[in-house]
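Trainee: Here is what each chain is made of, one letter per residue.
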Amino acid sequence: MPIVTMTVNGRPVSADVDPRTLLVQFLRENLMLTGTHVGCDTSQCGACTVHLDGHAVKACTVLALQAEGGAVVTIEGLGAPGLLHPMQEAFREHHGLQCGFCTPGMIMAAIDIVNRHGNELAEHTVREELEGNICRCTGYHNIVRAITEGARAMAAPVLNRAAE
Amino acid sequence: MFAFTYHRPSSVRKAAALAASVADGKLLAGGHTLIPTLKQRLAAPGDVIDLGGIPDLAGIELRGRTLSIGAMTRHAEVAASPVVKEAVPALAYLAGLIGDPAVRNRGTIGGSIANNDPSADYPAACLGLGATIITSQRRIEADDFFTGLFETALEPGEIITRIAFPAVKKAAYVKFANPASRYAMVGVFAAKRTADIRVAVTGASQSGVFRWTEAEEALKKRFAGRSLDGLSLPADDMISDLHGSGEYRAHLVGVIAQRAVEAAAG
Ligand SMILES: Cc1cc2nc3c(=O)[nH]c(=O)nc-3n(C[C@H](O)[C@H](O)[C@H](O)COP(=O)(O)OP(=O)(O)OC[C@H]3O[C@@H](n4cnc5c(N)ncnc54)[C@H](O)[C@@H]3O)c2cc1C
Ligand code: FES
Ligand code: FES
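Protein chains in written order, with the working numbering: chain A, 1 to 164; chain B, 165 to 430.
Keep in mind that the hints were calculated from the coordinates and are not lab data. Since we're looking at a predicted model, the values are computed, not measured. Backbone N, C-alpha and C fix where the C-beta goes; we use that ideal spot for every residue, glycine too. It cannot be assumed that every hint is accurate.
[To be verified] Only some residues are given here: those of chain A computed to face chain B with a beta carbon under 8 Å:
no., residue
1, 2
2, 19
3, 43
4, 62
5, 63
6, 66
7, 109
8, 112
9, 129
10, 131
[Unchecked claim] What follows is a set of in silico ranges between Cβ atoms, one per label pair, in the way DEER data are often shown:
no., chain 1, residue 1, chain 2, residue 2, range
11, A, 156, B, 314, 45 to 53 Å
12, B, 401, A, 80, 55 to 63 Å
13, A, 139, B, 370, 36 to 44 Å
14, B, 177, A, 10, 29 to 37 Å
15, A, 122, B, 429, 23 to 31 Å
16, B, 253, A, 81, 44 to 52 Å
17, B, 222, A, 13, 55 to 63 Å
18, B, 178, A, 137, 43 to 51 Å
19, B, 401, A, 128, 27 to 35 Å
20, B, 305, A, 34, 46 to 54 Å
21, A, 10, B, 398, 57 to 65 Å
Assemble the whole structure, with the sequences as input and the hints as a guide.
Mentor: Next comes the structure, spelled out in structure tokens:
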């Protein structure tokens, strides 16, 4: 079986994989990083969104081998208990989740939106950008609010964040 | 998915040699059409040849009046590129309408064109701008490239390397997206470059993307939406499905074409 090598959340990883292994399977089953979810397995729902080389991708539609040499960041790579990433904190604060199934993908997509559109986001920008992320619980209002607020919080200096 | 052998060649030459040496190989670009197809077991290639390790296939450059886009360039890169926005603004706009942000971060222009989905966006831009498709073997004019539903002039194992677009400012794409899939129900790319007027329609026809020649003729007198008043297309050539009947699509082509021409004449 071919060997795949990449960094995941900053850590170098390497494994023998069946070529059919999807990136999301590799994360969940080889690395036991089960924060990344599989909702549809058909590239529609966005529950599997991770960052590959700095861009949001649907990990159910990428082969692990395609990520060879790449840098992957998953929800586990963002924050730690007690020191959440500002976008995670905003989802908590603004009730941006109910069952939580879509949330890891929403947060990874949200940070990608901020990376491309900056820290001041118009509501309609967020709604359009969430095209590929489906939530069956919330009705999106609080997700959109969490993302606009989280985007602003991401502009704040890290020191303040830790002190809060 | 059925089992396959995976290859990651480092050059187009090696990829082409590999493709020629295996019995049922499949090229892999962004994988956003191929991987779903493999999952559904609609394709069962013995060998998958990933083009992702070939640096030459990426990148956007403007040489004189020719915009050259590498086959592995992602939709998001085209949408955000200052070079594309300057040379052919309508093309950058079109790329930004494909799927959703995560799809645009993986899907490639080469993959989209090679696949020639009847509802895909890029084929309309290639035909509407009179692009040239450059492959591992030759140059193919867009007019000769798209040969039917999911059919192209590509020979087995032939690899698209770049797509060359003329820099055209008087061009516009208008897409009427399916509200669920975001693919085009109807998309029209209209462009005017000196005397060359083109109206390319995607999403509508049972034989895939096509040039609406009657509309092009009518626009020669005056390049304005009004010139298309009263023109219609036969409904029996149109896709008819649960999203819309052939009559609906035929009507929609007229409406969207007028909007595209107005926007291009702008
Ligand atoms: C949720 C979703 C929504 C989408 N919405 C849209 C939309 O609105 N509009 C739209 O146009 N598309 C849409 N797409 C399709 C998307 O743009 C695909 O990325 C594209 O059609 C295929 O490109 P790819 O790079 O992913 O190719 P792949 O899936 O890797 O390959 C597709 C085919 O092309 C062949 N191929 C790939 N590269 C080359 C090459 N260089 N030379 C020769 N053959 C090659 C492959 O062998 C394969 O047969 C959507 C896809 C998804 C998953
Ligand atoms: S699981 Fe990947 S998009 Fe739904
Ligand atoms: S919170 Fe349940 S799917 Fe979004």
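Trainee: A separate judgement is required for each hint: does it hold in the structure or not?
Mentor: Against the structure, the hints come out as follows:
Annotation: interface hint on residue 2 of chain A holds; nearest CB of chain B at approximately 6 Å, less than 8 Å. For the restraint placing residue 19 of chain A at the interface with chain B, the shortest Cβ-Cβ distance is roughly 4 Å, inside the 8 Å limit, so the hint holds. Interface restraint check: residue 43 of chain A against chain B, minimum CB-CB distance 6 Å, threshold 8 Å, status holds. Interface hint at residue 62 of chain A: satisfied, since its Cβ lies 6 Å from the closest Cβ of chain B, which is below the 8 Å cut-off.
With its C-beta approaching chain B no nearer than about 7 Å, residue 63 of chain A sits inside the 8 Å limit, and its interface hint holds. The beta carbon of residue 66 of chain A comes within 6 Å of a beta carbon in chain B, closer than 8 Å, and the hint placing it at the interface holds. Restraint check, residue 109 of chain A versus chain B: the minimum CB separation of about 7 Å is within 8 Å; hint holds. Evaluation of the residue 112 of chain A hint against chain B yields a held restraint, the C-beta minimum of about 7 Å falling below 8 Å.
For residue 129 of chain A, the interface hint holds, since its Cβ comes within 8 Å of a Cβ in chain B; the closest pair sits about 6 Å apart. Restraint check, residue 131 of chain A versus chain B: the minimum CB separation of about 4 Å is within 8 Å; hint holds. Roughly 50 Å separates the CB atoms of residue 156 of chain A and residue 314 of chain B, a value that falls within the hinted 45 to 53 Å. A beta carbon spacing of about 59 Å between residue 401 of chain B and residue 80 of chain A agrees with the range 55 to 63 Å that was offered as a hint.
For residue 139 of chain A and residue 370 of chain B, the Cβ-Cβ distance of about 39 Å falls inside the hinted range of 36 to 44 Å, so the restraint holds. Checked against the hint of 29 to 37 Å, the pair residue 177 of chain B and residue 10 of chain A passes, with Cβ atoms roughly 36 Å apart. Distance hint for residue 122 of chain A and residue 429 of chain B: a CB-CB separation of about 30 Å, consistent with the stated range 23 to 31 Å. Under the hint 44 to 52 Å, the C-beta atoms of residue 253 of chain B and residue 81 of chain A, about 47 Å apart, fit the expected range.
Roughly 25 Å separates the CB atoms of residue 222 of chain B and residue 13 of chain A, a value that falls outside the hinted 55 to 63 Å. Distance hint check: the CB atoms of residue 178 of chain B and residue 137 of chain A are about 49 Å apart, consistent with the given range 43 to 51 Å. For the pair residue 401 of chain B and residue 128 of chain A, the beta carbons lie near 33 Å from each other, so the given range of 27 to 35 Å is met. Remark: the range hint 46 to 54 Å for residue 305 of chain B to residue 34 of chain A is upheld by a beta-carbon distance near 50 Å.
Residue 10 of chain A and residue 398 of chain B have their C-beta atoms about 59 Å apart, which keeps the hinted 57 to 65 Å range intact.
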